[in-house]
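Please model the complete structure; the sequences and the hints are all you need to start from.
Chains as they are written, first to last, in the numbering used here: chain A, 143 to 306; chain B, 1030 to 1392; chain C, 433 to 719.
Because the hints were derived from the structure by calculation, they are not lab data. You may find that some hints are simply not true.
To be verified - With a straight-line Cα cutoff of 27 angstroms, these simulated BS3-like cross-link-like pairs (lysine-lysine) come out:
hint, chain 1, residue 1, chain 2, residue 2
1, C, Lys550, C, Lys463
2, B, Lys1262, C, Lys463
3, B, Lys1086, B, Lys1227
4, C, Lys606, B, Lys1086
5, C, Lys463, B, Lys1342
Said to hold, decoys possible - Covered, in the sense of this in silico footprint (three residues per stretch, anywhere, with C-beta under 8 angstroms from a C-beta of chain C), are these stretches of chain B:
hint, region
6, 1279-1287
7, 1303-1309
8, 1373-1383
Said to hold, decoys possible - Computed Cβ-Cβ distance ranges for the label pairs, DEER-style:
hint, chain 1, residue 1, chain 2, residue 2, range
9, C, Val551, B, Gln1359, 33 to 43 angstroms
10, C, Ser718, A, Ile181, 21 to 31 angstroms
11, A, Arg179, C, Gly598, 24 to 34 angstroms
12, A, Arg171, B, Ala1098, 37 to 47 angstroms
13, B, Arg1078, C, Glu482, 26 to 36 angstroms
14, A, Glu148, C, Glu482, 28 to 38 angstroms
15, C, Asp571, A, Ile181, 31 to 41 angstroms
Bear in mind the structure is a predicted one, so any value in this text is a computation, not a measurement. Think of the CB as a built atom: it goes at the ideal place given N, C-alpha and C, for glycine as much as any other residue.
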Amino acid sequence: MATDFEPQIVGFLCRWCSYPGADLAGTSRITYPPSLRVIRVPCSGRVDPLFVLKAFQDGADGVMVLGCHPGDCHYVEGNYYTRRRYALMHRLLEYVGLEQERLFVEWISAAEGRRFAETVTAFTAQVRELGPWGREGKDGREGREGREGRKEGGNGGGRRREVS
Amino acid sequence: MSAENRAQETRGQGDKETRRGTPTMSEANGTMNIATRDDVAAWLDGLSRDLTLIAPKAVEDRVLYRPVAGSAEIAFDFGKADLPAKEYFLPSTHVLFSVEKDKEGLRVEEPSLEEGRVLFGLRPCDARALRVLDALFLKEPVDPYYAERRERTTLIGLACREMGEECFCTSLGLAPDDASDVDLMLTEVGGGRQEEGKGYAVQVVTAKGEAILGNLRLREIAGALPEPAVREKTPVLEAEAWSRYFDHAFWARLADRCLSCRLCTYVCPTCRCFDVRDYETPNRGVERLQAWDSCMAENYRRIAGGHDPRPTKAQRLRNRFYCKFCYYPQDFGPIACVGCGRCIARCPVNVDVVEVLQNVATL
Amino acid sequence: MIDKIRAKARELLESGQVHCFIGYEEGTRGKVRPAFIYEPQDADRLIWDERCTYNLVTYLHQFQSAPNPRPGGVRETPPPVGILVKPCDSRSLNVLFHEEQVEREGVYVVGLTCQGVKVNGQPQARCQRCAERVPLVYDLVLGGVPKTVGREDYADVVKLEGLSPGERLAFWTKEFDRCIRCYACRQACPACYCFECVAEQLDPPWMGIAIDLPQKQFFHVMRAYHLAGRCSGCNACEEACPMGIPLSLLNRKIAREVEALFGYKAGQDAQTPPPLATFKKEEELSL
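The following block contains the structure:
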């Protein structure tokens, strides 16, 4: 378990609640680890579970999906769907071997700046404990000899964006 | 060395379609050179020290050609590998080159094989398939990635004692013990004169094969190579004749049950279509990937602008047969099918190429 | 029973009620394959026995899904078809009806009661787990009253759940490694009818063209997720797979969770709202 590695965390924050919550943490000068990469979405209901899958494939060690509290969604119902989707996705990912502690879905309101920072700090520590995902051999790429002639170069293979 | 010379070198001698290995050591005087299985295993272990050894290996309930650390991992008693060895010459995915940027500027990296390879246990159909691919990839302009893999791989064939359930290699002019396309040919010989366990008759076909023979212990005994058990042949129409049936309703009816799943093209030893795309690497560099594609895919022939000359399943399925039996022979020489029968075994809806050939012959 | 099937097919074709009847026929080498009967006299090609494992509902994608009309154009009505379904297939049919991919009026359903099918002489595990022996939707049902009913206990799924995350990862990595990304599973699946699959979208590039482990993992997990509440357990995917990957272990895990979390089973009818297209305001789902 490498404890000196800096986890890469991707966070999907909804525009109306959790993102302002993060802003509030910032303006209040509450610090939290810089390993979080934030992607703002209009609503947590926008977060297709495939985004989470893709984030893990492309190098994320942990993913957070943060939305409004149920009942407070700006679009009324979005986060109800989120709740159902992630209940399912969480269990599916766990079943294929991704530790459930790597995916974190929570409701954080615009007023909860401190709670945001605390949540991110705790989650980052948890992911750091778990170690990197999908890089050093965890995705089974070590010894995949059929791929001779291909330099690994630190890239597990899934982290690509189309250029042309 | 030009591509043609290189191709000749790996071909063996002559261009007869069905022949045994060059009788440099054996048949001419009614003898065979036999090695026991244990000796062959030890010899392969020796080879694997300096070369990558690729051999049939049991993977769950399938047998696949895989790199092995030693002879202990080899599934010696196998019928036909579930996937052909094509992936070692035309990999399902590989990096053609990558461009990385660092302080000094741009750096282009072209991966190449780190060491030479030995492919053990190649059946004559799979070996002939490589010859079929050579007709395209080693023709000018030569595909350097394919050429390097071919050049740096020594092929040790394993003759078939009998044709399998779905095999029809003889219908295409091959034989189950055809040694023309490998560097060394092994044929299982059992019982009788063996002192220890099973053995193989060893034939040297090319100089490349001779070069790796090394210290393999061979005993010369009298006898002839066993004849393989063959099946009835299916008529195969000549390439020119296929154009008569292009518009026949037969293809649409056949394609009704096709799923366009592309499974047939992936298990086929001669199918070779690929896609090339550029992707960004984590260090903001670029790598160019080549990966298998399939003419059976729904959007395979869709071009910029959205036009698709083969939008229906019927057109795509018809194209598959025409590509193999009509276009490829006309363009490159060999029929792009070696009768291995994997597509027959694996197609979930029983699109059976032998049945198609039989039907086409009577259309 | 085969005579009744043939007679019905003949009748449907003769009266013009259907343009094509989809059933099973004898293939080569002792295999059974899907049959497409267009002429009444060809109805005698139809067969029915325990080798008829294949889920024919997947063919309704092409026979029934009319292509999207150009803007301002009229959606064509595809010609009606007749189809033979087993109970498991009928669940898939309900899913397609429910999702409005196929018009109920456009399909004449001949349902068959079923005691189980065999692949290469082996009784299928899914038949022992199947709780339905009579099709759930039909215009005509043929066959005797079934004697036994199966029960799904998810025993193998539970066993896999009991392993540690590392062991599960190792298991699935080993399975996905064998995958050649041929998409036979997707093409065989009646519920996979997207014109352009996420896996093949190049803009945005979800997966890319590489046939490597990360892509294969993504594809299978993605497909399993997209089948949540829609997979009828017909096993066409696992049967089609050339590399013998146990896809039913993945799909049934999702089915188990959907049942446990939302009390929903796929394909029971064409009216109950699907679990992921609806919600309850007050529900406790541990995340």
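Evaluated hints:
1. A hinted pair counts as satisfied when its Cα atoms are at most 27 angstroms apart, and C/Lys550 with C/Lys463 qualifies at roughly 11 angstroms.
2. Distance restraint check for B/Lys1262 and C/Lys463: the Cα-Cα separation of roughly 21 angstroms lies within the 27 angstroms cut-off, and the hinted pair is therefore satisfied.
3. For the given pair, B/Lys1086 sits about 19 angstroms from B/Lys1227 by alpha-carbon distance, which is consistent with the 27 angstroms threshold.
4. For the given pair, C/Lys606 sits about 14 angstroms from B/Lys1086 by alpha-carbon distance, which is consistent with the 27 angstroms threshold.
5. Only pairs whose Cα atoms come within 27 angstroms are accepted, and C/Lys463 paired with B/Lys1342 is accepted, the gap being roughly 22 angstroms.
6. Counting residues of the region 1279-1287 of chain B whose beta-carbon sits less than 8 angstroms from any beta-carbon of chain C gives 3, enough to reach three: the coverage restraint holds.
7. Judged by the Cβ-Cβ criterion of 8 angstroms, the region 1303-1309 of chain B is covered by chain C as claimed, because 3 of its residues qualify and three suffice.
8. Evaluation of the coverage hint for the region 1373-1383 of chain B: fulfilled, as 7 residues show C-beta separations to chain C shorter than 8 angstroms, against a requirement of three.
9. Look at C/Val551 against B/Gln1359: about 40 angstroms separates their beta carbons, and that is inside 33 to 43 angstroms.
10. Checked against the hint of 21 to 31 angstroms, the pair C/Ser718 and A/Ile181 passes, with Cβ atoms roughly 25 angstroms apart.
11. Restraint check, A/Arg179 to C/Gly598: a C-beta distance of roughly 27 angstroms satisfies the suggested window 24 to 34 angstroms.
12. About 57 angstroms separates the C-beta atoms of A/Arg171 and B/Ala1098, a value inconsistent with the hinted range of 37 to 47 angstroms.
13. Taking 26 to 36 angstroms as the suggested C-beta distance range, the pair B/Arg1078 and C/Glu482 does not conform, at roughly 53 angstroms.
14. The hint said 28 to 38 angstroms for the Cβ distance between A/Glu148 and C/Glu482, and at roughly 59 angstroms that hint is violated.
15. Distance hint check: the CB atoms of C/Asp571 and A/Ile181 are about 50 angstroms apart, inconsistent with the given range 31 to 41 angstroms.
Violated hints for the displayed structure, listed by number in ascending order: 12, 13, 14 and 15.
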